[in-house]
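Undergrad: Respectively, the protein sequence lines represent chains R and D. Using this note's numbering, the first residue of the first sequence is number 1, and each one after it goes up by one. Using this note's numbering, the first residue of the second sequence is number 420, and each one after it goes up by one.
Heads up, a few of these hints could be off.
[Claimed, not checked] Some chain D residues near chain R, calculated using beta-carbon distances under 7 Å:
(1) 489
(2) 498
(3) 501
[As the list claims (entries may be wrong)] List of simulated lysine to any residue pairs, SDA-like, C-alpha gap at most 25 Å:
(4) 567(D) to 120(R)
(5) 63(R) to 454(D)
(6) 143(R) to 562(D)
(7) 562(D) to 285(R)
(8) 562(D) to 551(D)
(9) 482(D) to 143(R)
(10) 435(D) to 729(D)
(11) 567(D) to 285(R)
(12) 16(R) to 572(D)
(13) 729(D) to 143(R)
(14) 16(R) to 698(D)
(15) 16(R) to 699(D)
(16) 148(R) to 158(R)
(17) 482(D) to 518(D)
It is worth saying that the hints were derived from the structure and are not from the lab. Note that CB positions come from ideal geometry on N, CA and C, so glycine has one too.
There are 2 protein chains.
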Amino acid sequence: MTNTALLERRNRLFGKGSTLFYEQPIQLVRGEGVFIYDESGRRYVDLFNNVPCVGHCHPHFVKTVSSQLRTLNVHSRYLHQSILDYADRLISTHHDSIESVIFSCTGTEANEIALQMARLATGGRGIICTDATYHGNSAEVSKLTGAKSNQGDVRSIRFPETYRTDAEDPLNDHLKELQLVIESFREDGTPFAGMLVCPILANEGLPNIPKGYMAEAAKIVHQAGGVFMADEVQAGLCRTGMWWGYQMMGVVPDIVTMGKPLGGGIPLAATAASTEITETFRRHTRYFNTCASSPVQAAAGNAVLDIIEKDNLQENVTTIGHFLHERFLQIQQKHKTIGDVRGHGLFRGLEFVTDLKSKTPDKQAAVRVVNALKERGFLTGNAGAYDNVLKVRPPLVFSKNDAEEFLDALEQTLEDLDA
Amino acid sequence: MTNTALLERRNRLFGKGSTLFYEQPIQLVRGEGVFIYDESGRRYVDLFNNVPCVGHCHPHFVKTVSSQLRTLNVHSRYLHQSILDYADRLISTHHDSIESVIFSCTGTEANEIALQMARLATGGRGIICTDATYHGNSAEVSKLTGAKSNQGDVRSIRFPETYRTDAEDPLNDHLKELQLVIESFREDGTPFAGMLVCPILANEGLPNIPKGYMAEAAKIVHQAGGVFMADEVQAGLCRTGMWWGYQMMGVVPDIVTMGKPLGGGIPLAATAASTEITETFRRHTRYFNTCASSPVQAAAGNAVLDIIEKDNLQENVTTIGHFLHERFLQIQQKHKTIGDVRGHGLFRGLEFVTDLKSKTPDKQAAVRVVNALKERGFLTGNAGAYDNVLKVRPPLVFSKNDAEEFLDALEQTLEDLDA
Chain R
1 MTNTALLERR NRLFGKGSTL FYEQPIQLVR GEGVFIYDES GRRYVDLFNN VPCVGHCHPH
61 FVKTVSSQLR TLNVHSRYLH QSILDYADRL ISTHHDSIES VIFSCTGTEA NEIALQMARL
121 ATGGRGIICT DATYHGNSAE VSKLTGAKSN QGDVRSIRFP ETYRTDAEDP LNDHLKELQL
181 VIESFREDGT PFAGMLVCPI LANEGLPNIP KGYMAEAAKI VHQAGGVFMA DEVQAGLCRT
241 GMWWGYQMMG VVPDIVTMGK PLGGGIPLAA TAASTEITET FRRHTRYFNT CASSPVQAAA
301 GNAVLDIIEK DNLQENVTTI GHFLHERFLQ IQQKHKTIGD VRGHGLFRGL EFVTDLKSKT
361 PDKQAAVRVV NALKERGFLT GNAGAYDNVL KVRPPLVFSK NDAEEFLDAL EQTLEDLDA
Chain D
420 MTNTALLERR NRLFGKGSTL FYEQPIQLVR GEGVFIYDES GRRYVDLFNN VPCVGHCHPH
480 FVKTVSSQLR TLNVHSRYLH QSILDYADRL ISTHHDSIES VIFSCTGTEA NEIALQMARL
540 ATGGRGIICT DATYHGNSAE VSKLTGAKSN QGDVRSIRFP ETYRTDAEDP LNDHLKELQL
600 VIESFREDGT PFAGMLVCPI LANEGLPNIP KGYMAEAAKI VHQAGGVFMA DEVQAGLCRT
660 GMWWGYQMMG VVPDIVTMGK PLGGGIPLAA TAASTEITET FRRHTRYFNT CASSPVQAAA
720 GNAVLDIIEK DNLQENVTTI GHFLHERFLQ IQQKHKTIGD VRGHGLFRGL EFVTDLKSKT
780 PDKQAAVRVV NALKERGFLT GNAGAYDNVL KVRPPLVFSK NDAEEFLDAL EQTLEDLDA
């Protein structure tokens with residue numbers, strides 16, 4: 001079916017306004033490793049998707065999940081062993097204080113649980129997030145998108161960063177703001193519950209965060225009686241080269257939420273915390289999720305961990321991530337549209353600006369690059385607080401050859417656009 | 420691993436208090452058709468689970484989903500055909516006024532979307548539900564569990580039924596209550612948005628609903644400017660012998676939510692409505708669900724529909740459901756603990772009471788029956804507003820032989836307990 005016909009059907013069946021990537025959307029029919037193919041057989045290199053983190057249609061993943069589908073798939077009001085094996089294994093990748101886990105299906109659901117846990121553990125209501133974040137689409141979690149700094153149960157702080165700040169001491173500038181918002185809760189009698197943040201500020205555009213910020217923020221949150229929550233839906237599962245983004249940022253959260261890559265394409269999300277926090281949640285709720293904690297979720301989750309371990313993907317992320325970063329820095333020297341180069345592991349951002357001095361965000365430049373790269377066969381996206389950051393986030397199996405192929409295309413794209 | 424060891428691990432990993440069925444929980448290792456097997460190889464007949472609606476591990480389902488896992492699994496910001504084929508097919512089972520659909524992963528997510536749609540379509544806030552319902556576990560949707568009749572944005576009415584009512588005219592008695600709650604919204608300036616209800620009142624215990632209630636309720640809701648929403652997570656997909664519970668109840672909803680059986684074990688849920696309602700939702704939100712509208716969800720959904728159609732499961736549900744009902748009525752004659760026998764298709768309830776006159780709910784009797792049936796190798800559950808209803812909800816492939824085997828076991832169980 002042609003793209004035009006699919007678009008017409010899509011508008012009719014999903015309603016006009018459902019989001020699509022690229023000025024000319026692409027139709028996908030097959031995936032393999034870092035490659036995806038359209039209906040004409042054209043190959044694209046995937047530098048965007050973190051759900052198929054071990055590569056598209058990895059044979060071990062397909063085999064493990066298919067085998068479980070053939071054997072058993074039930075909910076968790078019966079005992080079955082595999083989900084407990086997976087829970088044990090997932091928890092073992094975390095800090096010792098993370099002792100237990102509640103599975104769900106999406107990042108939104110994981111963050112719903114985290115907010116309920118925080119409120120039950122502290123008796124508070126007030127939640128702090130950053131001002132350019134996204135943690136999910138439910139009524140409660142979406143309050144964190146576009147939250148105000150001074151009203152409601154959910155309040156925002158400017159996201160901490162070093163690129164655009166005027167402050168002499170960005171660390172203390174941002175920490176002070178956190179304290180002020182905590183104070184604002186106190187002033188109008190809203191008991192404080194905690195802070196939920198992506199440790200690497202993925203949606204904010206992967207800014208360089210003042211060194212030590214997350215640990216200091218957690219300390220301030222604790223002193224105010226709150227819990228510190230890390231949303232690892234994008235940052236986690238070796239994406240940065242560490243198992244979890246909070247490890248990269250040197251902070252230990254009280255509650256961690258995980259999603260997207262966890263199930264490698266089978267909906268699987270998780271909220272992990274200390275035994276005390278989890279059992280408080282259990283005592284006050286009868287939380288049950290029919291589609292979660294299933295043997296098929298366990299198979300998917302275990303297969304992803306198998307591949308990460310067996311193929312040394314953590315090491316690959318660090319090596320290739322470092323290689324990309326060095327080359328991005330070289331490319332930046334040649335193009336004064338690139339204001340900043342940053343990120344971690346295989347999650348990198350190039351920030352486009354109209355000029356290096358004003359640092360005015362240039363969303364259109366990022367959009368042009370994304371669309372031009374797509375025409376060359378490379379799938380990236382634009383993101384960040386100003387939508388002006390080229391988001392480079394290939395599967396964890398991305399090789400040096402893949403990286404070189406992409407870097408060549410990026411250089412040519414930038415040269416064409418400069419011309 | 421022994422059940423004791425699994426229980427210990429589960430308490431440690433999931434936190435004490437996560438729910439399990441049966442006084443002595445069972446460990447499951449394999450499923451096939453209507454049967455599930457424990458670690459010792461013991462066979463159980465599944466009369467409870469509606470997610471594997473086409474039977475556990477149906478070969479066509481396993482093959483179709485496995486094949487898609489091997490081919491492609493991406494999100495819906497790219498074009499791919501299969502999810503549109505599935506959307507078309509799903510919508511074609513609905514009333515003509517249901518024209519478009521938004522996919523998600525769980526019933527909770529589907530109901531989150533429905534509530535947002537209702538509020539955006541009407542500009543209202545006030546939602547009406549019944550007083551013994553459950554529509555999901557998010558902060559917003561769980562407001563419908565235990566909602567009060569006279570305060571807040573979500574208000575409840577007594578669920579309509581004919582067994583325990585004292586009213587001379589139960590239909591008008593219940594409709595009047597609905598009007599009063601709508602009036603209560605008007606009185607304190609909460610604009611009304613709509614009513615969300617399971618058309619067969621599954622969680623309420625499948626009561627006989629005064630004839631015509633749902634259609635009259637929808638009319639009243641419309642007159643007050645609200646939308647009528649049917650939660651088909653339990654009632655839908657041929658469970659009653661009709662495609663959707665609302666068809667069985669003779670009402671046309673404005674918004675329909677679907678979940679559990681839709682994906683046959685792959686998390687898949689949907690919210691369907693008119694083009695107008697869906698496009699209003701699209702205009703006001705940027706709803707996107709990474710794990711939803713995927714080719715694997717499409718494969719799972721299509722495989723379930725294939726099997727329902729090819730194996731004439733709709734007819735099977737009606738035939739076997741009728742057979743069960745007739746035999747339940749005969750069994751009721753012999754046991755004065757069974758106050759009421761009801762339900763639709765392959766979703767049946769036997770209500771246990773201490774005596775037929777007072778109709779005092781006897782939860783303990785239902786719990787005893789459920790546990791005794793489990794010991795005999797038949798998996799059922801207890802449910803309803805008073806937890807005193809034996810819930811009989813086998814996969815749609817349940818045969819007459821299966822039914823006879825179960826009925827024998829039920830009769831023996833009831834005789835033993837009467838003795």
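Undergrad: Mind listing which of the numbered hints don't hold for this structure, in increasing order?
TA: Checked against the structure, the hints that fail are numbers 3, 9, 10, 12, 13 and 17, while the rest are satisfied.
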